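S.K.: Sequence:
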Amino acid sequence: MTTTGEEHARALTGPWWWARWRSAVLDGSLALVSAVECGAEGIPFARDAGIPLPVGIVFGLVAGSVLLVRRKWPIAVVLVAIAITPAQMGFLMGIVGLYTLAACEVPRRIVVALAGMSLLGTMIVTFVRVRQDMARGDLTLGDWFVPFASITTSLGLTAPPVLLGLYVGARRRLMESLRERADSLERELQLLAERAEERAEWARNEERTRIAREMHDVVAHRVSLMVVHAAALQAVARKDPEKAVRNAALVGDMGRQALTELREMLGVLRAGEDAGRRAASVSLAAMGVAAAEAAARVAEEVEGPCLEELEELVGQSAAAGMVVDLSVEGDVRSYAREVEQTAYRVVQEALTNVHKHAAGAKTYVRLAHRGAEIAMQVENEPPPEPGSASAARLPSGGNGLVGMRERVLALGGVFVSGPTDAGGFRVSAVIPAV
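Residue numbers (the numbering used here): 520 to 953.
Some hints here could point you the wrong way.
Using 25 Å as the maximum straight-line C-alpha spacing, the simulated SDA-like pairs for lysine to any residue come out as follows [as the list claims (entries may be wrong)]: (1) Lys881 with Val921; (2) Lys591 with Trp537; (3) Lys881 with Gly849; (4) Lys875 with Pro951; (5) Lys881 with Ala891; (6) Lys881 with Ala952; (7) Lys591 with Arg698; (8) Lys591 with Leu682; (9) Lys591 with Glu556; (10) Lys591 with Ala689; (11) Lys875 with Gly849; (12) Lys875 with Gly931; (13) Lys591 with Asp546.
Taking CB as the label site, the calculated pair distances span [said to hold, decoys possible]: (14) Glu725 with Gly533: 49 to 57 Å; (15) Pro951 with Leu710: 48 to 56 Å; (16) Val647 with Lys591: 16 to 24 Å; (17) Lys591 with Ile562: 45 to 53 Å.
These aren't lab readings, by the way, just hints derived from the structure by calculation. This one's a predicted model, so the numbers in the text were calculated from it and none came from an experiment. We put the CB at the ideal spot given by N, CA and C, even for glycine.
Let the hints inform the model, and build the full structure from the sequences given.
M.R.: What follows is the structure, given as structure tokens:
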């Protein structure tokens, strides 16, 4: 598993400048070995330099222990290693220092400069020492061995640690880049999940609103007419039995129509619920899309009314005792399903409001077919008895006008409603003919 940047930051628990305790132990061990090496090499250095032996040993111990700060000050470690190269000390410190310098975040020109200085210093010291050994007779090889030994020794002590440090540094930077990218992807996924959840919640709210609007449109109009006919039936039951029978038949027909529409809607909702259960195992982002698609699918599957049924709708209101005048302008043509359904629902809800709030008032229903739009208007005159409630005492939830406005605006149309100067009420809507 790849650790994220925050987890990596929490893992920095070492002392001082070390990220981890094991790094501190490793550097301490290397510094101890380097100090012992330099202290041992300080003995011949003291003899050659003609200084007291303890001074040479202490000098070597102090110089070798500088390796302890290689992670904090790698340049200083390399400079010390170069400085003690003429004394033939600090080979381990030079190798480890060059490796650390090449692996850390130091400008490459500094790495090249210090590596070149170390290479040149090692080459010169090796050249001098080999010539002295050949002059004393310790080596009996030819003159060619002097430059060969100095070049190979200097390259062997300089090139491998620098190349290895460059490789490790590049790999470390790559891992940090991948870690940062993982952090960024994690944040993006979290943001997408939050947006998907918001989208799913929005889709659920929209679907609940749509279902409530459909239920209101289906139930309110039918039940309102049923209540009106029931009131009329109660009034004429004894005086005119034949009219009472007709009103009772109308109440039964409207009740059956309301039940049929409710069954259709509930059947589609049950189908959508089963599909939601099957989609419960998908990811959160897919759920948001699925919810929105399910809402659209449910809306498409519900068989809504159309403009051809408008005369029947007006006839039902007329049968309930309302005086309704229907006029149609322009060439009659078909529209998209949602346009016709919305136009029908606007007229239906407007007639329902007349039954509720202006029983007995004469109502005018106008439908205009235009080139790029369809317009409708439902206007009623003042009721015969102003200020009186409907004889049927129909309740009102106050959601009819809100539902009409939402339907029309959802299709990019214009909706206006309000009282007229004559004391009646007017509902107007214009819907683009998409």
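S.K.: Take the hints in turn and mark each one as holding or not.
M.R.: Consistency of the hints with the structure:
| no. | hint | verdict |
| --- | --- | --- |
| 1 | Lys881 with Val921 | 24 Å, holds |
| 2 | Lys591 with Trp537 | 9 Å, holds |
| 3 | Lys881 with Gly849 | 24 Å, holds |
| 4 | Lys875 with Pro951 | 29 Å, violated |
| 5 | Lys881 with Ala891 | 30 Å, violated |
| 6 | Lys881 with Ala952 | 29 Å, violated |
| 7 | Lys591 with Arg698 | 23 Å, holds |
| 8 | Lys591 with Leu682 | 21 Å, holds |
| 9 | Lys591 with Glu556 | 22 Å, holds |
| 10 | Lys591 with Ala689 | 19 Å, holds |
| 11 | Lys875 with Gly849 | 31 Å, violated |
| 12 | Lys875 with Gly931 | 29 Å, violated |
| 13 | Lys591 with Asp546 | 11 Å, holds |
| 14 | Glu725 with Gly533: 49 to 57 Å | 55 Å, holds |
| 15 | Pro951 with Leu710: 48 to 56 Å | 35 Å, violated |
| 16 | Val647 with Lys591: 16 to 24 Å | 33 Å, violated |
| 17 | Lys591 with Ile562: 45 to 53 Å | 30 Å, violated |
Checked against the numbered hints given earlier, this structure breaks hints 4, 5, 6, 11, 12, 15, 16, 17; the rest are met.
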